[in-house]
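J.: Sequence order for the protein chains is F and G.
Take 1 as the starting number for the first sequence in my numbering and just add one per residue.
Take 1 as the starting number for the second sequence in my numbering and just add one per residue.
Honestly, I wouldn't trust all of these hints.
Derived Cβ-Cβ restraints for the label pairs, each shown as a range [as the list claims (entries may be wrong)]:
1. F159(G) with I76(F): 31 to 41 angstroms
2. L29(G) with E173(F): 32 to 42 angstroms
3. S258(G) with S224(F): 19 to 29 angstroms
4. K5(G) with G179(F): 16 to 26 angstroms
5. F159(G) with F171(F): 47 to 57 angstroms
6. F100(G) with F171(F): 33 to 43 angstroms
7. L29(G) with P256(F): 33 to 43 angstroms
8. T51(G) with I76(F): 40 to 50 angstroms
9. I184(G) with F54(F): 27 to 37 angstroms
Hints listed in this document are in silico derivations from the structure and should not be mistaken for laboratory results.
This one's a predicted model, so the numbers in the text were calculated from it and none came from an experiment.
Where is the CB? At the ideal position from N, CA and C, for every residue including glycine.
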Amino acid sequence: MSAVKQKGTNPLFWLILALTLVVILFPVYWIVATSLKTPLEVIQPNPTLFPRIFTLENYQTVLQSGFLKNMGNSLIVAVSATLLSLTLSFLAAYALLRFRFPLAFNSIFLVWILVVKILPPVVLAIPLYTMFNSLGLINRLLGLVLVYQVYTLPYCIWMIFGFLKAVPITFEEAALIDGAGRGYILFHIVMPLARTGIIATSIFSIIAAWDEFLFALLFIRTPSLQTLPLVIVNYIGEYETMWGQLMGIGLLTTLPVLLFSSFVYKYYTKGFSMSLK
Amino acid sequence: MSPGKYLRKNSFYFIILAPAVILMAWLTLYPVIEVIGLSFYRYNFITGAKTFVGLGNFIQLLQERLFQEAFRNTLIFSVTATAAEVTLGIILALIFEGQFAGKKTFMTIAIFPMMISTMVICAVWKTLYHYDIGLLNYILKTAGSEPVGWLISQKNALFSVVLVDIWQWTPFAFLMTQAAMSSIPYETYEAASIDGARYHQSVFRITLPIISSQILLVIMLRTIDTFKLFGKVYALTQGGPGNATETLSYYIYREGFSYFNLGRASTASLLTLVVVAGISLVYIRRILKGDA
Chain F
1 MSAVKQKGTN PLFWLILALT LVVILFPVYW IVATSLKTPL EVIQPNPTLF PRIFTLENYQ
61 TVLQSGFLKN MGNSLIVAVS ATLLSLTLSF LAAYALLRFR FPLAFNSIFL VWILVVKILP
121 PVVLAIPLYT MFNSLGLINR LLGLVLVYQV YTLPYCIWMI FGFLKAVPIT FEEAALIDGA
181 GRGYILFHIV MPLARTGIIA TSIFSIIAAW DEFLFALLFI RTPSLQTLPL VIVNYIGEYE
241 TMWGQLMGIG LLTTLPVLLF SSFVYKYYTK GFSMSLK
Chain G
1 MSPGKYLRKN SFYFIILAPA VILMAWLTLY PVIEVIGLSF YRYNFITGAK TFVGLGNFIQ
61 LLQERLFQEA FRNTLIFSVT ATAAEVTLGI ILALIFEGQF AGKKTFMTIA IFPMMISTMV
121 ICAVWKTLYH YDIGLLNYIL KTAGSEPVGW LISQKNALFS VVLVDIWQWT PFAFLMTQAA
181 MSSIPYETYE AASIDGARYH QSVFRITLPI ISSQILLVIM LRTIDTFKLF GKVYALTQGG
241 PGNATETLSY YIYREGFSYF NLGRASTASL LTLVVVAGIS LVYIRRILKG DA
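One chain only, chain F, in its complex shape (with noise of 0.2 angstroms):
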């Protein structure tokens, strides 16, 4: 195709690039502007494009306002969360591929799961808020990790169940032959066949519990429990101009998901293709 050979020296090209950069990574370059900013600078009415005076008080306000804890919050509930659905979904979905359960239940199973998946979560909150609070998990992380199951676990399944299903059931015969129990088989043929499938599910169901806002909304009342997303809207709701702060705890969110980006790329069409087509 012309278009594509030309590629390389139209300028035209390279001008609508640049112009994608700039859209992509400006909000981005802002978050980092503006949490070096000095307070009274960001309340200008001429906004500065760089800060006249850079200032790290914005991060030491932020990490002496018990930010670590509350990150440290959203830490243990994002890898709970996930390691719950992974050893889960990793039983599950090595049933669901091999085993023919009666009345069609692995047809079934999927589909159920796939419709939580499409359910707007807000749906299920009072009954789950009731539930949660007559056994005591409201305002506990625990209570976070279990009501977080609704997103990772359906996303789990899905994900490992497509990835397992490209791997090979001859090893698992020949090690059958031999005489493996089936525990052994499991863990130490299957699993390690699905490695790479199964790190890609666990960095992507992190990410979408370290972003959850919704049921922490719910779910979290004292201020030393709340995750990053919380922290995040109280400060936009509280305090409307404290945007210096406001944007370093913005990007001391950031920069540990945004690590995992070249990982992401690299998975999250293959991701999407085997659990989605």
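Please arrange chain G on chain F, whose structure you already have, making use of the hints.
T.: Same frame as chain F, now just chain G:
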């Protein structure tokens, strides 16, 4: 084989599937049944008054102006955001098709928006949108135009929230379309260009038809996701100004967790569920077909 023997022989599979099934039943099946039950009651959590009203809640909600507006806003948001994201995504994928210097870096940067936490995105857009000291209005004023009430005018607020969603999720449509395009063999284009096909002909007659099923998948995924809209509204506008950005999710949240009308909130949940199920029917059927 007797049922007992069958179970014993295959107990391994039943045991490893059970935890996931039990957890899902507890977290989703039971709540849905509960929501269906509650939707026939007028039930206030604070006063504890609970009376059976039959279809009363349904009739009331369908006639209520706020609920209708929430429904309309959700629909507008979902349709415009999805349409814009998919269109832009396809255009970008066509432009950035093939190889060029720095492509891998470009693609890695291109997915930044969908990786940044939604609340961080809302925070930065809230500063950009600010009426008095936001950058967008400063640019407008410098260019000699009137400042725009991005989030504070009834006319613009929903559109401004759509814009944030477009910024965040166009990369997704772009990435998916791009991946679909790269799987088309180059020979297909070569054959077409030997036959004298022009660029726009090869786009509309070859590329887009071949990847149409992937595009449909992206459209459905974005429709489903935009229909859930809650966090952005909570952070950016709280449903206002007036009811300009009231969405179904936000309506349910307020009815249930601010007014504690659990009956009405459940009815609204059920109505939302029915609509979402209708939208996703096509999607589910397609996935099952691919799975079978």
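J.: Does each hint hold? Answer for all of them.
T.: Hints, verified against the model:
no.: 1; hint: F159(G) with I76(F): 31 to 41 angstroms; verdict: 38 angstroms, holds
no.: 2; hint: L29(G) with E173(F): 32 to 42 angstroms; verdict: 36 angstroms, holds
no.: 3; hint: S258(G) with S224(F): 19 to 29 angstroms; verdict: 24 angstroms, holds
no.: 4; hint: K5(G) with G179(F): 16 to 26 angstroms; verdict: 22 angstroms, holds
no.: 5; hint: F159(G) with F171(F): 47 to 57 angstroms; verdict: 55 angstroms, holds
no.: 6; hint: F100(G) with F171(F): 33 to 43 angstroms; verdict: 41 angstroms, holds
no.: 7; hint: L29(G) with P256(F): 33 to 43 angstroms; verdict: 35 angstroms, holds
no.: 8; hint: T51(G) with I76(F): 40 to 50 angstroms; verdict: 43 angstroms, holds
no.: 9; hint: I184(G) with F54(F): 27 to 37 angstroms; verdict: 49 angstroms, violated
Hint compliance for this structure: hint 9 alone is broken.
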